[in-house]
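These protein sequence lines are chains L and U, in that order. Heads up, the final residue of the first sequence is numbered 114 in my numbering, and it's a clean run with no missing numbers. Heads up, the final residue of the second sequence is numbered 1110 in my numbering, and it's a clean run with no missing numbers.
Derived by calculation from the structure, the hints in this document are not laboratory data. For each residue, glycine too, the CB sits at the ideal point set by N, CA and C. Some hints here could point you the wrong way.
[Said to hold, decoys possible] Examples of chain L residues toward chain U, derived with CB under 7 Å:
{"#": "1", "residue": "P70"}
{"#": "2", "residue": "G106"}
{"#": "3", "residue": "P107"}
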Amino acid sequence: ETGVTQSPTHLIKTRGQQVTLRCSSQSGHNTVSWYQQALGQGPQFIFQYYREEENGRGNFPPRFSGLQFPNYSSELNVNALELDDSALYLCASSLVHGSTDTQYFGPGTRLTVL
Amino acid sequence: GQNIDQPTEMTATEGAIVQINCTYQTSGFNGLFWYQQHAGEAPTFLSYNVLDGLEEKGRFSSFLSRSKGYSYLLLKELQMKDSASYLCAVRDRRGNKLTFGGGTRVLVKP
């Protein structure tokens, strides 16, 4: 167990809808990164939040947005859902400026878009 | 950008040794990570290399050669529970992004 939690576990939406996924970081960690993992592929970096600011973004459109709160928990919002957004969404927490900044993953949210 | 290559699938026998190779081409490098992922679960951290050489952790070892853009994960004394996907990931120079390979699915047979 990494201490990183995500909710909900599973979610089914239809095309065009909006979704919010949540992540609570491990105690003492100040950074949250979000990844999208399609079936049979490695995770793809969406963005990272550090001290409530976006701290790097992958190749995802602006309809993917996020927030980080003062307690370091985070949200991922996806607007105008498309079928290709169906995936496992993983968040990972880490301690920036630590010796390795190792990212520890939560259990993920499985999103299905119909 | 980053490009990470690893084999798609490997099969090995219980008690044997398996070596999973990972090659990478990067515009910046700040460490290489190996994660284990069982089907339907989150990736779990296995090892981290930032300097050349071998890091050993029990039955798992990881090796890095920065000049060759090459790493491997060695799994010894294979157990059935080691059947999983193994993900190689490179961290960029800025330190805020992991780029993952597609994962190597290891099947351990009795």
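For each hint, the structure was consulted:
1. P70: Constraint on L:P70 not satisfied, violated at 20 Å.
2. G106: holds, 6 Å
3. P107: This hint holds: L:P107 lies near chain U, its Cβ roughly 5 Å from the closest one there, short of 7 Å.
In this structure, the one hint that does not hold is number 1.
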